[in-house]
Structures are given as C-alpha cells and as structure tokens.
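A.B. asks: Chains as they are written, first to last, in our numbering: chain Z, 1 to 544; chain R, 1001 to 1396.
No lab work stands behind these hints: they were computed from the structure. Even glycine gets a Cβ: it sits at the ideal position worked out from N, Cα and C. Among the hints, erroneous ones may be present.
[Stated by the list, open to error] Across the chosen pairs, the derived CB separations fall in these ranges:
{"hint": "1", "chain 1": "Z", "residue 1": "265", "chain 2": "R", "residue 2": "1122", "range": "48 to 54 Å"}
{"hint": "2", "chain 1": "Z", "residue 1": "239", "chain 2": "R", "residue 2": "1051", "range": "29 to 35 Å"}
{"hint": "3", "chain 1": "Z", "residue 1": "123", "chain 2": "R", "residue 2": "1270", "range": "36 to 42 Å"}
{"hint": "4", "chain 1": "Z", "residue 1": "132", "chain 2": "R", "residue 2": "1359", "range": "38 to 44 Å"}
{"hint": "5", "chain 1": "R", "residue 1": "1277", "chain 2": "Z", "residue 2": "123", "range": "32 to 38 Å"}
{"hint": "6", "chain 1": "Z", "residue 1": "123", "chain 2": "R", "residue 2": "1295", "range": "45 to 51 Å"}
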Amino acid sequence: MNKIKCECGHVNHEGTVLCEACGKPIEGNQHIDGNDKTRLLNMRYDGSARRSQTYKKSIIDKIWNFFSSVKVGVWLIVLTLVASAMGTIFPQEQWIPANAVSRDPAIYYESTYGIFGQIYYQLGFYDLYSSWWYLLLVALIGISLVICSIDRFVPLYKALKNQKAKRHETFLSRQRLYSESDNVSKEEKQQIIKSLKKQRYSVRDENGHILAEKGRFSRWGPYVNHIGLIIVLIAAVLRMTTPMYIDEYMWIREGERTVIPGTNGEYYAKNKDFILETYDKDNQRFEEAIKKEGVVAKNFETELVIYKDQTSATGAEPKLEKLKEGSTRLNHPMKFDGYALYQAGYQSNEFSSMSFKVHETDDPNETAIGSITIDLTSPKSEYKLDNGLRVVIDQYFPDYYLDNGEPRSKSKYPKNPAFVFFIYPPNSDDPEVSFVGIRKNIDATGENEYKLGLQDFEMRDVSGIMVIRDYTLPLFFLGGVIFMIGVIQGMYWHHRRIWINPKNGKLLLAAHTNKNWHGVKTDIEKAIANTNVNMVKDQQELPG
Amino acid sequence: MDTLLNISSTMLLVAFILYLLATFFFGATIRDKRNKSKESKAGTIGITITIIGFLAQTVYFITRWIASGHVPVSNMFEFVTFFGMSIVLGFIILYFIYKMSVLGVFALPIALIVIAYASMFPTEVSPLVPSLQSYWLYIHVTTVSIGEAILSISFVVGLIYLVRTIDQTKSSKRTTWLEIVLFSLLIFIGFSLISVIFNVTGYSAQFEYTANNVTMTTEYQLPAIVSPYEGVLITDGVMQPWFDAPSWMHGADAGRKFNTLIWSVFVGLALYGLLRLVLRKRIGAAIQPKLMKTKPDLLDEISYRAIAIGFPVFTLGGIIFASIWAQEAWGRFWGWDPKEVWALVTFFFYAAFLHLRLSRGWHGEKSAWLAVGGFAIIMFNLIAVNLVLAGLHSYA
Ligand code: HEM
Chain Z
1 MNKIKCECGH
11 VNHEGTVLCE
21 ACGKPIEGNQ
31 HIDGNDKTRL
41 LNMRYDGSAR
51 RSQTYKKSII
61 DKIWNFFSSV
71 KVGVWLIVLT
81 LVASAMGTIF
91 PQEQWIPANA
101 VSRDPAIYYE
111 STYGIFGQIY
121 YQLGFYDLYS
131 SWWYLLLVAL
141 IGISLVICSI
151 DRFVPLYKAL
161 KNQKAKRHET
171 FLSRQRLYSE
181 SDNVSKEEKQ
191 QIIKSLKKQR
201 YSVRDENGHI
211 LAEKGRFSRW
221 GPYVNHIGLI
231 IVLIAAVLRM
241 TTPMYIDEYM
251 WIREGERTVI
261 PGTNGEYYAK
271 NKDFILETYD
281 KDNQRFEEAI
291 KKEGVVAKNF
301 ETELVIYKDQ
311 TSATGAEPKL
321 EKLKEGSTRL
331 NHPMKFDGYA
341 LYQAGYQSNE
351 FSSMSFKVHE
361 TDDPNETAIG
371 SITIDLTSPK
381 SEYKLDNGLR
391 VVIDQYFPDY
401 YLDNGEPRSK
411 SKYPKNPAFV
421 FFIYPPNSDD
431 PEVSFVGIRK
441 NIDATGENEY
451 KLGLQDFEMR
461 DVSGIMVIRD
471 YTLPLFFLGG
481 VIFMIGVIQG
491 MYWHHRRIWI
501 NPKNGKLLLA
511 AHTNKNWHGV
521 KTDIEKAIAN
531 TNVNMVKDQQ
541 ELPG
Chain R
1001 MDTLLNISST
1011 MLLVAFILYL
1021 LATFFFGATI
1031 RDKRNKSKES
1041 KAGTIGITIT
1051 IIGFLAQTVY
1061 FITRWIASGH
1071 VPVSNMFEFV
1081 TFFGMSIVLG
1091 FIILYFIYKM
1101 SVLGVFALPI
1111 ALIVIAYASM
1121 FPTEVSPLVP
1131 SLQSYWLYIH
1141 VTTVSIGEAI
1151 LSISFVVGLI
1161 YLVRTIDQTK
1171 SSKRTTWLEI
1181 VLFSLLIFIG
1191 FSLISVIFNV
1201 TGYSAQFEYT
1211 ANNVTMTTEY
1221 QLPAIVSPYE
1231 GVLITDGVMQ
1241 PWFDAPSWMH
1251 GADAGRKFNT
1261 LIWSVFVGLA
1271 LYGLLRLVLR
1281 KRIGAAIQPK
1291 LMKTKPDLLD
1301 EISYRAIAIG
1311 FPVFTLGGII
1321 FASIWAQEAW
1331 GRFWGWDPKE
1341 VWALVTFFFY
1351 AAFLHLRLSR
1361 GWHGEKSAWL
1371 AVGGFAIIMF
1381 NLIAVNLVLA
1391 GLHSYA
C-alpha cells in the first residue's frame, strides 16, 4: 500500500484527502472530495481514505464502488418510492373489493378500469409488492446499505480518533466558519476554554492548540440506523422463507368446536357466542352523527374457549383439556402460546335448526297433528311422529337455489335450507312428496293429504377468525427500535468541533458541524464574548 | 355534554382568530424597515398570541375529548384540525430555536388554511367504529400528525427561501412553478370560501347513481358542474350538471368530491387572477421585497432542521406505531394498503432528501424545491388518498 507521510509526521492510508492528524490537504488527492474546485473543504468524512474512492481496478472494486455510492443509493430509494406509489393507482389484488364484478384479476382490472386496468394487470402491477423486481429493488437497497456503511464507518472512525488539536493552517482557513484575531491574551483564551467547557464541549489543549468537540457520538447515528434497517430486512426474508410465520383463517359456528388450523391439530377452539353490538340510537353523545350515518357498529366479539390436545401421538383420539377462556374482538386479539386469534369476519345468516308441524291439508285451522325439529348440523334421515306418521328427508339443500329449474345448493352451509320430504301416512308405504323451504311449500301432485308448515327456526352466527403466529415480530421490533435510536442519535445531537490554533502571533478560529451551523455559531458567540477574538465568518453564503 | 361541546367549538374559533391576529403582528416585523427593537417587540407579541391561541386550541381538544369519550382524531374534521394545531406547534418549536419572525407570516396562514379546510367536514362527534377502538390509533395518529406538521414547516421555510431568492426580474420555469405552488394554496382558500358561501345559502342538489350494482343518492352542497358517473339529478330547479364524472371515479361520493375540487380550483383561479390584477406582477415578485432582510443560509438550515426533527417523529408514528397498531387490529403489521404505502413513500422521500443533503450541490434552492415536493406528498396522503384511493383508513 502506498502510505502517505504528511509534513506533520503522520502516516496516512492511501487515498487520504486530508491528513488524519493535522488536516493538511494531501496533494494529488484533492479531486476525490472535490476540494480542488471549491474554496471550502469537503468535511463529510473528514477527508479520510475510503475504499470506494481509492481502489477502482478489479471487478470487485467496481461492484464495491457501485454500491457504496450515495448517488446509487438515492436512485434505488427513488425507484422504490416511485414503484411503491404506482402500486396504489389501482387496488392491489388482495384489496379487490368483495362486491366487485369479479375477484379474478384477469377480469377485474379490465372491466373496472378499462384499457389502463388491462395494462396494469398485464404489467403485473396488481401484485406489485411481491413481484421479483420490487423485491430486487429492496434487496439492492439492503446490499447498498451494508457496503456503503462499511466503506465509510471505518475510515471516519479512525480519522476522528486520530485527529490532533493542532491543525494545518489551510485546513482551518478552508473551514466554513473561520476568523483570525490579533492580540488575544492568555486570560482571554482561558476564558474561552472555560466557557466552551461550560457548554459541555470536551476541550483538548495540545501546546496551546485547542480542539473543543461535542456530540461526536451523533456521527454514528446513520450507521446505527442502517443496522436497524438491515435487521428489518433480515426479518422480512425470514418471514417469507421459513415457517416462522403462520397465517390461517377459520370459520367457526356458535356452539361448535373445531381444530385450529395451522397448529398441527394441537389446539382446538370453541365458539361460545358471537356478539355484535351497535350504538344506541338514543345515545345523546352521538345522536346527530347516528342520524346521519344510520346504524353504527360498536363491537364485534367472539367468546372462545381454547383447548389443548394432551395426546402426544398423532392420529390418536384427541384428549382435550381447557387451556384458556376469553374473547377476541377487533383490535384486541386473543393470545395463547405464541398464537393470536383475530376477530376478522362474521356471518349471521345461518340456520341452526328448523321446526315444522304436520297438519291436514284441508284443515283451515292448520291444527298440528305432530311436529318435528331438524338439527341442521346433523339432520336425521327419518322422523317418526306419535300418531305413526313418518317424515323422511329425501333431499336436503342447505343453501338452496334454482339452477335452470334444477334445485341445487350453493354451499354446504344452511343459509337457505330447503327439503324434499316424503311423508308416510300411518301404516302406509306410499309416501306423499312435498318440497319445503323458506317461504316455499310445493305439493308436487296437488293431492297430498298432509302438509308441513314452518313453525319455528333458530339461527346462529359464524365467526371468521384469523390465526396468526409470527415469530419474526421480535426481530422486526428490534430492527425498528435500533433504527429509531440511530436516527434520533444522528438527528437530535450534532457533532460540533471548534479549533483554536495560534499561528505567527495570530489566533486562528475555525469550526465545523455536520448539521447545526446556527447552533455552533451561537456557541462560539457565547464563548468569545468580551474577548478580542473576532467572530467567525460564514464563508459559504448561499446566493440570494 | 352540549355545554362542553359549545366551549370546545368556541375555543377553536378563538384559536383561529388569535392565529390570524398573530399573523398580523409577525407581518409587522417584516414591514418595518428601520427599527430593530420594534421588530423584536412585534415578534414577541406575535409569538405570545400564537401560544395563547395554541392553548385555546388545546382546550378545544381536551373538552372535545371529554365530550366524545375518545381522543378527537377519529374523523376528517378532527384529524385535519389536529394537523393544523400540530403545524402551530412545529412553528413554535422552530421559532424558539431560530427566533425568525418571518416564519410566522407564512406558517400561521398555512395552519389557518388547514383549520378552515377541516371545518368543512362534518363536525359533529361521531361514535367510534370497532376498528378505531384502540389506544394505538391515538398514539399513531397524533404522532404522525405532529411529524408531518414539523415536516410541513420545512415546506413553509423552503417556500420563503424560494420567494426570497428566485430571480423575479424575468419570467422563467422557476417563477412559473413558484406561482403554481402559491396558487395551490389559494385553492384551499377557494375551497373554504365557496363552502361557506353555499352553506349559508343552504344549497342542495341530489343525485341518484349506481356504483357496484347498488343505487345510491348523494347530496351536493355546491351547484353541480359534474354529476356522478351516469348520475341522475333528482332535485328540481337547480343547475343542470355540465358533464358526467369519468367511469373510473367510482368510489362513494366520488362525483361530489370531484365537483368540489373543480369549484375549489375555479375559485382559486379567480382569487389568483384578482391578486394579479391588484398587484400587477407575479405574487412571488410582490412578496419578495418584504423578505430581503432574511438570510438564505439561515432559511436553508431551518428548512433542513425541520426535516431532521420531523423525520424521526414521522417514522415513529407513521411507520412503527402504525405497524404495531395494524398488527393488533388486523394481525399483519404491514398490508400494502394505499395509506400505508403513501406513508412509506413519504418516508422514502425524506430519506432520499437526507442523503442528497450529504452532497454539496443539493443545498439551497434544490433543497427548498424538495421540501415543497415533500409537502405535496403529505397533502396527497392526507387528502387524495382518503378521498380518491379507497382503503381501510378512509375516514370520510
Ligand atoms: C431506505 C433506506 C435508507 C434509510 C431510511 C436511510 C437513512 C439514513 C439516515 C436517516 C441517515 C442520516 C442522515 C443525516 O444524518 O443527515 C443516513 C445517512 C447515510 N446513509 Fe442512509 N438510509 C437508507 C439507505 C441508504 C443507502 C442505500 C445508502 C448507500 C448508498 C445509504 C448511505 C448513507 C450514508 C453514506 C449516510 C451518511 C453517513 C454519515 O454521514 O456518516 N443509506 N441514512
């Protein structure tokens, strides 16, 4: 390596721009930070040697340099930003509304948004955030973050560690804040030091050369926050590629107990009750709003009992033991053993049982001869009445509809139950056929002696429950916390340095900060008050 | 209950008037060319009135909280009002760091515009739907709002920078863009003006239209320039619409919102035209001489500091608290809902800004333009995403 020895005696790494010890610009390297074109020195990394600015030959150098460029980093961020925004032009696939023409993206986008929708669909933007190129962009940001941080952190750390209080005159005069003063007495100097110390600067005095510094730790803020971001990215990769994340959905009926999906049959849940509350119309507080908006929901909640299977062998008859009783409602999931159950949906249009009475067709009073109750979760095939009459369920359509004149069932859930009954009069093997459903009662032949009438029914609610287990959450959280610590460290504290060096009977005063110039100026003003030291001049006035 | 709500709305009005008053005092500081001590006196009075106004608005906030039983950030009126209050807070913070009176001349009117805009939404206290019943909602919304407000101060200062420094002797792309930015602010004023005018006259026109196979009616409070897509006017004796909204504007009440937007732009244009007639030059050129005393360097730094202070607050509220809440409510901390995506876009934008600031060429004017861009994104998220792009968060 070509080490460079400065006139102050310090040996610098190859590619150093400003001597690590005294800050003298090193000849031949000034183009690296653009110092050759400006009067002020570029102090971003204290002129330390960065790998990316020094080695440019091999392919590895080139890749390294590409990713450590802030320009590239900004481009990546901007591209991701633009891509993210494009994903909101039309709804993403998972946000296609339930009442859309079709939830099939191939149909939905074109039929709803016309030609633009079609293009959107064909470009794959309907699932943009899991597209390979979006993930690639994020991954590139991640790589860039790592390389860029390593490229700068080490040299910056060394430069700040090696810095001397005695600085070369060019270094001082080419700082943004600079002044020269004559006739400054020793006492005045001591007074300044005292004032700086009072302002919580740590002051180093090397043979009358003074460096006052504060807030250096804020310089590590960006690196801390980048580490936080990397942890978040690692968490995201884990979440996508390992079974650390379980996401299931179940419908569970009131009174029903089922195995919880995603738990390998280990846990069961029983729905004790589903509760839907709305705001009272006479609620004084919200009277006006409710008048305007109509019914407003107040609470969705499912009361659950969780059971754990105590048998260890799979396939064995489960032996359930109650683990927990509680409820899940919106915003307040029920948690147990790393799982969380979320109230995510409900249906209130299912029948649980129906009762029918049998009467004689020509009885104007429809007096019941007998009645049957059908439990719709497990309908029996035959019901016997006291008087010897038999009712047989020939066909059962839980969710009845007519398909071209053919009765069919839309689903297996009893939302609109209908039956074809065979009624066997006492001591007869000749059934009468009738079709009975909600507000339907059809006598196929018109000659039936008996008729069934709907007497009563019970309905029950079905809760939609999301089952989540996400072991990556702590990692995301950790990343988030570290990120926040990093940004706060970098943004709410500022690195400030003030140099006071004697040179040929004059006192040179210079200062640098990475952010808060107003603050450092105020600090200096306070420190030099009532002395002969001239206030620093801001050499960087913006045009205007 | 009612008395509490009365106190609440009165205090909001008091705050509004005080902010207006404070603006004039700050205005006096830039008008007065001779006397430095007079300037600081007017500034002190200005900031004192601002703080009293802020306290009045805090009383509004607390009394409304007690009256409604939940933190008043749960609908558009409450949220936008709180945003206006946060802008004042952001201004107070930066005023005490930099003691720059001219900030008040721009920041307070923008807070006023925001509060006026808020009061155009339905103001009665509304019950909380289950998805909003979480204290994470309050933590999230208030933090986001404060973060965005501090970031908005960077826009305010950036705008001052641009008005102060852009060469107004000849017309250029930059002067045109600056006028566009100033004109956009007039649109908000236009919106408030036109809403008040037709509210007072009690104008109403009803339309019937079909969206997603459901027939709905919508009530226009402004004469209909544009009707909902394939909408039918069912009120007699009111202005016939000039044309239909395009078919892709299909959200609930999209036609009405589009109509309001058109009106706001019209009135904004009229106001702008009027101002140009009176001033006989670009608005930017008219304000510029008043700002010559301010130092561009300092403006640039304040604008940057506002972002440095606001970015962590925004990230905490808009990304981290938002994720925690989403995890509690929906079982997933991130769902690529439009509102979430736009929070991420905002985050990326300011991250890009901070990285650009690392290199020299991006200080000064470019920085100021970026601050304007950031504010545009925040406003887009606040208004357009709620009203145009449908999502979970649609309050209104
Ligand atoms: C979304 C992703 C990123 C975020 C949120 C982020 C955030 C930040 C923040 C907040 C700072 C502090 C800025 C300041 O103190 O003024 C910073 C500094 C920095 N970032 Fe990033 N960053 C991201 C990506 C990147 C990438 C991809 C690169 C690589 C090219 C990069 C390179 C740097 C550098 C070089 C610094 C300055 C370090 C210093 O001053 O010592 N960042 N970043």
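A.B. asks: If a hint holds in the structure, say so; if it does not, say that too.
C.D. replies: Tested hints:
The given range of 48 to 54 Å is respected by residue 265 of chain Z and residue 1122 of chain R, whose C-beta atoms sit roughly 51 Å from each other. Range check, residue 239 of chain Z to residue 1051 of chain R: Cβ separation about 47 Å, and the 29 to 35 Å hint is violated. For residue 123 of chain Z and residue 1270 of chain R, the hinted distance range of 36 to 42 Å is satisfied, since their beta carbons lie about 41 Å from each other. For residue 132 of chain Z paired with residue 1359 of chain R, a C-beta distance near 31 Å fails the hint of 38 to 44 Å.
For the pair residue 1277 of chain R and residue 123 of chain Z, the supplied restraint of 32 to 38 Å is violated, since their beta-carbon distance comes to about 47 Å. For residue 123 of chain Z and residue 1295 of chain R, the hinted distance range of 45 to 51 Å is satisfied, since their beta carbons lie about 48 Å from each other.
In terms of the numbered hints stated before, the structure departs from hints 2, 4, 5, listed from lowest to highest.
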